Amino acid sequence: MRYLPHTPEDISDMLTVIGADSLDGLFASVPEACRMTSSWDLPQPQSEWQLNDHMRGLAADMAIGEDGKVLIGAGSYRHYIPETIRTLASRSEFLTAYTPYQPEMAQGTLQGIFEYQTLTARLLGVDVVNASMYDGASALAEALLMGLRIAKKKKKVAISKAIHPHYRGVVAAYLRPTSYEIIELELTADGRTDLSSLSKESDIAAVALQSPNFFGVIEELEQAATTIHDAGSLFVACFSEPLAYGLLKNPGDCGADIVCGEGQSFGIAPSFGGPGLGMFGCKTAYTRNLPGRLVGETKDLDGKRGYVLTLATREQHIRREKATSNICSNQGVCAMTAAMYMASLGGTGLRQLSRLNFDKSEYLKAQLLAAGASLVFAAPTFNEFVVRFPGDFSAKREKLLKQGIVAGLDLGDLYPELAGAYLFCVTETIDKATMDTIATEVAA
Amino acid sequence: MSEQQTTGAANTVLGTGGLIFNEPLLWEKGKKGRMGMSVPQSDVPAATLDATLEGTEVDFPDLSEVDVVRHYTRLSQWNFGVDSGMYPLGSCTMKYNPKTNERQAATPAIALAHPMLEEGLSQGTLRLLYELQEFLATITGLDAVSLQPAAGAHGELTGMLIFHAYHEHKGHQRHKILIPDTAHGTNPASAALCGYKAVAVKSGPDGMLDPELVASLMDEDTAGIMLTNPNTLGLFEERVREIAEIVHAKGGLVYGDGANMNAVMGVMDAKKCGVDVLHLNLHKTFSTPHGGGGPGAGPVCVTKELEPFLPVPRAVRKGDSYQLEENLPLSVGRVHAFHGNFGVLVKAYSYILTMGAEGLKRASQLAVLNANYIKEQLKDVLHLPYDRPCMHECVFSDQNQQAEKISTLDMAKRLIDYGYHPPTIYFPLVVHGAMMIEPTESECKEDIDQFIATLRTIVQEAKEQPDLLHEAPQRTKVRRLDEVQAARCPCLVGLPSAEDK
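Quick note, the sequences are listed as chains C and L, same order. Each step along the first sequence adds one to the number in my numbering, with nothing skipped, and position 26 is 26. Just add 444 to the spot in the second sequence (first one is 1) and you have my numbering.
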């Protein structure tokens, strides 16, 4: 076995030093009654080449390959990933390191995460960003728990129905063992969140909105911030497509207190939904309530600039059951990857790419409307939108699928009232010809 | 002479300084108008955006592709990973991360798989999920598995959600949970998220849990116990079955923290130990890289009785096809937006296929062999608080060095000068000045011998030249950092570009 370096002679020499008679003898402290006695029904060990063949087989069972055109987002986005990022993020000095508990040996990770925190704070318009959460969904759950901690006595949170249904599912699971109550905010006809009920509720610690929301609709964050703050609640702004903030006003500038969401769009492959990146930031006033790790700048004995993990007294290994979260391992190398992506785009490139995503999705929207589809929500959107088709679209979608085009997501399973309505996503990976093919099929 | 003295001015120029580069922060380089990746030409007309929604351009530095490549390559050279050398960080199982696993996870049709596509289009990834669930059930001896939790602590939380849902279903919620002082640090925080008050259980003088103490603490308001086995002293809890019986007799459940599974693959059957829920750390036992903090994966394995409470959706096989089961009324619900850290799951799956049953068992045997060998070769110079056969890690303390005013931290920092990542220090808390060494099975005898010799040299230096330890590390990009200052005046983000200039 190529990962196991011990020769029979090594084993025998080492056993002699230990004073054990055999490898099995090392396990004398494990009682008989606790022992694994059944033989394992696992496949025979495979050589590297057999494993390649096996994975090729699994890949062949995937209907949509590299050449497929996927016009679905819904929380996971197919964007181009430059080769530089693949190369740099897979450098084993980053990849095979542990959490930087020994800062002198991990300045690469630490400076990289400090840069990630900084670029993400600028993107989201917040003062502080942590070193990452598991994903957008758990980030939202932690944001609401943080809001409840800050608000102390309040027992309710309100979340928009236009937040990704899976994120709401995770929030429900996290809050279920607690006595906190979740209020769901309905939609207005144009696809934004209806905040009119807020004035009637007291006792709401935090209100969460997603923008662009699950339907791609851009929420009016500034007005929302006023309404939410007037109701005495904290404003949690969430997202699943951070690229939007290359073009749109960011949530922090609009008045959000806590901003969190999914950063997969930034250089991370969809990979069937993970690993992604939970981005999480807030205003300075709430720094000590943040979950997760933080990297801070400091100096070494010689006065040289360096980076360390800091404010650890919030965390589980110090504060134990009173910690701000139980999170330990996070999405470290995914955060580094996102920073590499943000650095590669720069301010100029981010604007261009964001604009391109907007323009392309507006193009498809216009083409589909011209082909007879109707918009379900009238409010402005970014890179995703919902349409209905005259008649049954499923047969046409099937036909497009045969050409390798995945034309939107039927919303019926997630929102029964939207059965037959389709959520489309267009990124820079979708060319005009593909969009024209879809429009032609719709019109046919 | 220190390095700085010998290099003089060369080390103060940004971007230079011999081979220990003085690479600046991203926003201290670059120039407006550069770009480090190609953005496709637009093939559609420009659309109009409501001006009230449009923001100003984000203040990111503009860098060329070369700028970005050099920046991260240089940063990487200040880092130490398993590929750089021995990383005997106790409780973290820093074993070799096979390169082929990275390739498998990057297989285009798998890396590009969209999680919201219909089941019929995703048979390959669903099959992988299903098979990995089966493999992990086999390896632990438990019946059913959820792969959703994204890390060990996330698995613990999922386990506690299962405890909570189970007791709720039984019609009587409980409010306390037993947590030994030899359990992992995340356990109390995970239990607290579910409203359980942690009740500490002190380990005995031999480092073992005493069933009688557990019996005296266990009552019908206690949801169960969270055990780490082997525990954080690297010892197998020999009376785990008795403890489980006591907890079960009072209607409680037993949680097994499987972070130390690398010691006992093929040896321990978790179900026979009386464990009801167990999480695994795929980024430890199953060789996936830790990524300088993550991503990990923390699947939970449960008994048949608790299967209905597992998170949804679950990958199931129906005849020849694989499906996602969503409607399980007793389920705790969803703990991840999609299917967990799928890319990490691919790597663990690849590792299991490569190792096979015999390889996995052998890995545990050799991990335990390496740890016991180190323990025997160092116990005459380092204080060994629990002198008994260990599992995959051994715990020393700095008691013998106190006379020389040398601490565990000093020895750890000196190891860095010799090119080793230090062991875990000051954990577990039950050992004052703990130094927890977990070599893993990846290290060969010669490298282990060299590590032992190095630690013995350091112990000698502690007596003869203690300043070498107090001043360590010297051969790194930065020396010891001021952590107090970092916490007192937190600087968590860099200044805006304009203020830099």
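Worth flagging that the hints you see were computed from the coordinates, not collected in a lab. Here the structure is a predicted model, which is why all the values come from computation and not from measurement. Hints are supplied without guarantee of correctness; some may be wrong.
As the list claims (entries may be wrong) - Taking CB as the label site, the calculated pair distances span:
hint	chain 1	residue 1	chain 2	residue 2	range
1	L	Ala490	C	Glu83	25 to 35 angstroms
2	C	Thr313	L	Lys641	49 to 59 angstroms
3	C	Arg288	L	Lys641	50 to 60 angstroms
4	C	Lys153	L	Asp527	47 to 57 angstroms
5	C	Ser202	L	Lys641	25 to 35 angstroms
6	L	Ala644	C	Thr313	14 to 24 angstroms
7	L	Leu768	C	Gln403	47 to 57 angstroms
8	C	Asp41	L	Asp527	32 to 42 angstroms
9	L	Lys694	C	Ser29	18 to 28 angstroms
10	C	Lys153	L	Leu463	55 to 65 angstroms
11	C	Met1	L	Arg547	17 to 27 angstroms
12	L	Arg547	C	Asp41	39 to 49 angstroms
13	L	Ala495	C	Gly372	51 to 61 angstroms
Said to hold, decoys possible - Sample of chain C residues lacking proximity to chain L, with all beta carbon distances greater than 10 angstroms (derived):
hint	residue
14	Pro43
15	Met62
16	Leu145
17	Lys153
18	Ile182
19	Thr227
20	Tyr286
21	Gly349
22	Gly391
23	Thr440
Claimed, not checked - Computed list of lysine-lysine pairs in DSS-like fashion (alpha-carbon distance at most 30 angstroms, straight line):
hint	chain 1	residue 1	chain 2	residue 2
24	L	Lys473	C	Lys283
25	L	Lys620	C	Lys304
26	C	Lys322	L	Lys475
27	C	Lys156	L	Lys614
28	L	Lys849	C	Lys304
29	L	Lys748	C	Lys156
30	L	Lys614	C	Lys155
31	C	Lys322	L	Lys614
32	C	Lys249	L	Lys476
33	C	Lys283	L	Lys476
34	C	Lys154	L	Lys641
35	L	Lys716	L	Lys748
36	L	Lys620	C	Lys322
37	L	Lys620	C	Lys249
38	C	Lys155	L	Lys620
39	C	Lys299	L	Lys849
40	L	Lys748	L	Lys805
We put the CB at the ideal spot given by N, CA and C, even for glycine.
Structure-based check of each hint:
Taking 25 to 35 angstroms as the suggested C-beta distance range, the pair L:Ala490 and C:Glu83 conforms, at roughly 29 angstroms. A hinted range of 49 to 59 angstroms is violated for the C-beta pair C:Thr313 and L:Lys641, which are about 21 angstroms apart. The hinted window of 50 to 60 angstroms between C:Arg288 and L:Lys641 is violated, with their beta carbons roughly 23 angstroms apart. The beta-carbon spacing between C:Lys153 and L:Asp527, approximately 51 angstroms, falls within the hinted interval of 47 to 57 angstroms.
Between C:Ser202 and L:Lys641 the Cβ separation comes to about 29 angstroms, which falls inside the hinted range of 25 to 35 angstroms. Between L:Ala644 and C:Thr313, the C-beta spacing of about 20 angstroms keeps the proposed range 14 to 24 angstroms intact. Evaluation of the 47 to 57 angstroms hint for L:Leu768 and C:Gln403 yields a failure: the beta carbon distance comes to about 26 angstroms. In this structure, C:Asp41 and L:Asp527 meet the distance hint of 32 to 42 angstroms, their C-beta atoms being roughly 33 angstroms apart.
Between L:Lys694 and C:Ser29 the CB atoms are about 27 angstroms apart, so this pair conforms to the stated range of 18 to 28 angstroms. Between C:Lys153 and L:Leu463 the Cβ separation comes to about 57 angstroms, which falls inside the hinted range of 55 to 65 angstroms. The supplied range of 17 to 27 angstroms is met by C:Met1 and L:Arg547, whose beta-carbon atoms lie about 19 angstroms from each other. One distance hint, 39 to 49 angstroms for the beta-carbon pair L:Arg547 and C:Asp41, is violated here, with the actual separation near 27 angstroms.
A hinted range of 51 to 61 angstroms is violated for the C-beta pair L:Ala495 and C:Gly372, which are about 30 angstroms apart. Against the 10 angstroms criterion, C:Pro43 falls within the reach of chain L, whose nearest CB is about 6 angstroms from its own CB. Once the 10 angstroms rule is applied to beta carbons, C:Met62 is inconsistent with being away from chain L; the minimum gap is 4 angstroms. For C:Leu145, the non-interface assignment is contradicted: its Cβ lies about 8 angstroms from the closest Cβ of chain L, within the 10 angstroms cut-off.
For C:Lys153, the non-interface assignment is confirmed: its Cβ lies about 17 angstroms from the closest Cβ of chain L, beyond the 10 angstroms cut-off. Every CB of chain L is more than 10 angstroms from the CB of C:Ile182 (nearest about 12 angstroms), matching its label as outside the interface. C:Thr227, annotated as away from the interface, keeps every beta carbon of chain L farther than 10 angstroms; the closest lies near 17 angstroms. Interface exclusion of C:Tyr286 from chain L stands, the closest Cβ pair being 12 angstroms apart, more than 10 angstroms.
C:Gly349, annotated as away from the interface, has a beta carbon of chain L within 10 angstroms; the closest lies near 5 angstroms. At roughly 20 angstroms, the least C-beta separation between C:Gly391 and chain L is larger than 10 angstroms, which holds for a residue marked as non-interface. Chain L leaves C:Thr440 outside its interface by the beta-carbon criterion, the shortest separation being 16 angstroms against a cut-off of 10 angstroms. For the hint linking L:Lys473 to C:Lys283, the alpha-carbon distance of about 27 angstroms falls within 30 angstroms, and the restraint holds.
Between L:Lys620 and C:Lys304 the alpha-carbon distance is near 48 angstroms, which puts this suggested pair outside the 30 angstroms criterion. At roughly 46 angstroms between alpha-carbon atoms, C:Lys322 and L:Lys475 are farther apart than 30 angstroms, so this suggested pair is violated. Taking the CA atoms of C:Lys156 and L:Lys614, the gap is about 27 angstroms. The hint holds against a cut of 30 angstroms. This hinted pair checks out: L:Lys849 and C:Lys304 have alpha carbons roughly 27 angstroms apart, not beyond 30 angstroms.
The hinted pair formed by L:Lys748 and C:Lys156 fails the criterion: a straight-line CA distance of about 35 angstroms is larger than 30 angstroms. For the hint pairing L:Lys614 with C:Lys155, the CA-to-CA distance comes to about 26 angstroms; that is within 30 angstroms, so the pair holds. Annotation: proposed proximity of C:Lys322 to L:Lys614 holds, straight-line Cα distance about 28 angstroms (limit 30 angstroms). This hinted pair checks out: C:Lys249 and L:Lys476 have alpha carbons roughly 21 angstroms apart, not beyond 30 angstroms.
Under the criterion of a C-alpha separation no larger than 30 angstroms, the hint pairing C:Lys283 with L:Lys476 is consistent with the structure, at around 28 angstroms. Between C:Lys154 and L:Lys641 the alpha-carbon distance is near 21 angstroms, which keeps this suggested pair within the 30 angstroms criterion. Restraint check for L:Lys716 and L:Lys748: satisfied, since their Cα atoms lie roughly 13 angstroms apart, inside the 30 angstroms limit. Proximity of L:Lys620 to C:Lys322 is assessed by CA-CA distance (about 15 angstroms); at most 30 angstroms being required, the pair is judged to hold.
Between L:Lys620 and C:Lys249 the CA atoms are separated by roughly 46 angstroms; this puts the pair beyond 30 angstroms, and the hint is violated. Restraint check for C:Lys155 and L:Lys620: satisfied, since their Cα atoms lie roughly 22 angstroms apart, inside the 30 angstroms limit. Proposed proximity of C:Lys299 and L:Lys849 is supported: the alpha carbons are some 25 angstroms apart, at most 30 angstroms. Between L:Lys748 and L:Lys805, the direct Cα distance comes to roughly 25 angstroms. Compliance with the 30 angstroms bound is thereby established for this hinted pair.
Violated hints for the displayed structure, listed by number in ascending order: 2, 3, 7, 12, 13, 14, 15, 16, 21, 25, 26, 29 and 37.
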